[in-house]
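Asker: So you can see what is in the structure, the chains are spelled out below.
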Amino acid sequence: MSAPSIAIVGAGPAGLFTAQALRRALPTAPITVIDRLPVPFGLLRYGVAPDHQGTKAIARQFERLFERENVRFCGGIEVGADLPLETLRRGHTIVVLAAGLQGDRPLAIPGDDLPGIIGSGRLTRWFNDHPDEAGFDPPIGRRVAIIGNGNVALDIARIFAKSEAEFAGSDLSPRTLARISAAGVEEIVVIGRGQADAARFDPALLKEFTRLGETHVKAEVAGSEASQSPVATALREIDGTGALPGNARRRLTFRFGLTPKHIRSADGALVLHLARTSGDGNEAAIATDTVITAIGFDAGRTGLPRTEWLQGDGTLAVRIAPGLYASGWFRRGPRGTIPDNRAEAREVADRIVADVSCGAVPAVSTDIQADLFARAVSYAGWTAIRDREIAEAPAGRVRIKCPTAAQMRAIAAGAPAP
Amino acid sequence: MKPLILYGTETGNAEMLAEDIASHLGDAQLLNMSDATVAALTAAGLLIVVCSTYGEGELPSGARALHAAVEAARPDLSNLRFAAFSLGDKATYPDTFARGGAIWAETLSALGARQLGEIATHDAAGADLAEEIALPWIDDIMAEA
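From first to last, the protein sequence lines are chains A and B.
Mind the numbering: the first sequence is residues 1 to 418 in my numbering, read in order.
Mind the numbering: the second sequence is residues 419 to 563 in my numbering, read in order.
Chain A on its own, in the form it takes in the complex (with noise of 0.2 Å):
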């Protein structure tokens, strides 16, 4: 068979490890990556939290890709948007849609957008230095209520709740960090509809809270005393624990089993109301100046017809059409961690392998390639702005990020940053 040419829409975990399998199982076949931003690694960059830079060191893996074979890159096109997917499909072989999902789901209660709620994506993106996010000032105050019950919930926690000293080795900007300190946070509640042995909490990930030098740790984990399950466990072990109360600067309490229920603002603050999940009558009320909604991702903004394309079960079909294929949280929903990413991956290049053995691939009718390469931000540009933001690392930090796209191409094309 000859090779197919093929284009990633998504330069994340979801698409990178699509590259590298679709690499494997194809060793001549052009592949291109497209990314709506000018540099690579998706979520790896503006998700995974600032103070993981363990996780973020997958990137190694996805720079060989480039480096030594033979896949690239090009940044700073949307699909959808700067380049219509039908103009991308007739030029390749192949496309695979891995372009994520940037929505937040909402609360969907009353008053879910008041003033003082914010999205634990754009949050998640602010904190990350996010191009999107770049004239964004959340609204943080001195109490923080975090609602859900997964690892994004805790990766807001924590960082509200570690000192500056504990972001040594992180790349939190100072600007982003000055802020933060600045909201002067006291109280940090997590909240969940579910009791503790619900939540989806990693518990390895639990374990840093009980290392936190200013603030302490509760989790009321009542109604799951006697489970045995990894993370009431975990969730047991972590209460009463970081900074001594008499000491701490702030308190953070994990609470189960409750359901939002509306929220309102009394006094220029806002005071959210909840039922116990049990049905039991009893209600509470939070009064708190911050409410941040980690429940969950939806499309969000995109110019990709991704609702069309949905099956009953809410997923989109490994292969959508003859040649369009999909891969990751596009595909699936907004489930699942980096390496189910990468077993994903490997079956819709297994895929896309067995419709190319056996010609169940469209034909290519025009070239676009030239035109799409002038248009780009080159794997080159993305080492000089990798290289910039390293050399320019503050002390403590790992790299300071460019903050915006218009610099982030200046820097790519080798002009003075404007």
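Don't read these hints as lab results, they were simulated from the structure.
No experiment lies behind these values; they were computed from the predicted model shown.
By construction, the Cβ of each residue, glycine as well, lies at the ideal position given by its N, Cα and C atoms.
Take the hints with a grain of salt, since some may be wrong.
Over the 10 Å line for every Cβ pair with chain A, so calculated as not near, a few chain B residues [said to hold, decoys possible]:
| no. | residue |
| --- | --- |
| 1 | 430 |
| 2 | 453 |
| 3 | 456 |
| 4 | 461 |
| 5 | 486 |
| 6 | 489 |
| 7 | 493 |
| 8 | 496 |
| 9 | 497 |
| 10 | 509 |
| 11 | 520 |
| 12 | 528 |
| 13 | 529 |
| 14 | 535 |
| 15 | 555 |
| 16 | 561 |
Heads up, incomplete: computed chain A residues facing chain B, CB under 7 Å, no partners named [what the hints assert, rightly or not]:
| no. | residue |
| --- | --- |
| 17 | 53 |
| 18 | 54 |
| 19 | 58 |
| 20 | 61 |
| 21 | 204 |
| 22 | 337 |
| 23 | 338 |
| 24 | 339 |
Given the coordinates of chain A, assemble chain B onto it according to the supplied hints.
Answerer: What follows is chain B alone, placed relative to chain A:
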């Protein structure tokens, strides 16, 4: 003796390092733990284990079935010599850092295999590249083997 490089990986970092060690040695067999059997272990004379760590000091998911099978079969490994390289993340998991390779070393030693050298480690949150630690390490191991 041609070594068997047996790797256990969750995100692919240990796989990449195992491939680097294999290219460096030139003459080596490379095998993913998820594709390996107990027989592959007993047939090997010289084994290089490259293994990551997941969760709270656990083996990566692709390594667990093989480890359980070895623990269940308890083969006599007195003819086996091995070395172990362990990957981890010291910043996020300081208490269980790089346990993956150590778990294998304990299991293999208990079955009579003889360990060459020290267990080498790589910290994903550190500044060093894994291959910069592993390639001099494997040269020392092969000199001893």
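Asker: Residue 61 of chain A was flagged as interface toward chain B. Is the shortest Cβ-Cβ separation under 7 Å?
Answerer: Check passed: Cβ of residue 61 of chain A comes within 5 Å of chain B, closer than 7 Å.
Asker: Against chain A, does residue 486 of chain B hold up as non-interface, every C-beta pair farther apart than 10 Å?
Answerer: At roughly 18 Å from the nearest Cβ of chain A, residue 486 of chain B sits farther out than 10 Å, so the non-interface label holds.
Asker: Confirm or reject the statement that residue 528 of chain B sits farther than 10 Å, beta carbon to beta carbon, from all of chain A.
Answerer: Check passes; 26 Å lies beyond 10 Å.
Asker: Would residue 497 of chain B pass as off the interface with chain A, using Cβ distances and a cut of 10 Å?
Answerer: holds (34 Å)
Asker: Was the hint right that residue 337 of chain A lines chain B, CB cutoff 7 Å?
Answerer: At about 9 Å, which exceeds the 7 Å cut-off, the nearest Cβ of chain B leaves the hint on residue 337 of chain A violated.
Asker: Report holds or violated for the interface hint on residue 339 of chain A, using the least CB-CB distance to chain B and a cut-off of 7 Å.
Answerer: holds (5 Å)
Asker: Is the Cβ of residue 520 of chain B more than 10 Å away from each Cβ in chain A?
Answerer: At about 17 Å from chain A, residue 520 of chain B clears the 10 Å cut-off, so the statement holds.
Asker: Is the hint on residue 53 of chain A kept, meaning its closest Cβ partner in chain B is under 7 Å away?
Answerer: Holds: closest Cβ of chain B sits about 5 Å from residue 53 of chain A, inside 7 Å.
Asker: Does residue 496 of chain B sit more than 10 Å from chain A, CB to CB?
Answerer: holds (35 Å)
Asker: Are residue 58 of chain A and chain B close enough, Cβ to Cβ, to be under 7 Å, as the hint says?
Answerer: holds (5 Å)
Asker: For residue 529 of chain B, which was marked as not at the interface, is the minimum beta-carbon distance to chain A over 10 Å?
Answerer: holds (28 Å)
Asker: Can we keep the residue 204 of chain A interface hint, with Cβ of chain B closer than 7 Å?
Answerer: holds (5 Å)
Checked against the numbered hints above, the structure violates hints 1, 10, 22; every other hint is satisfied.
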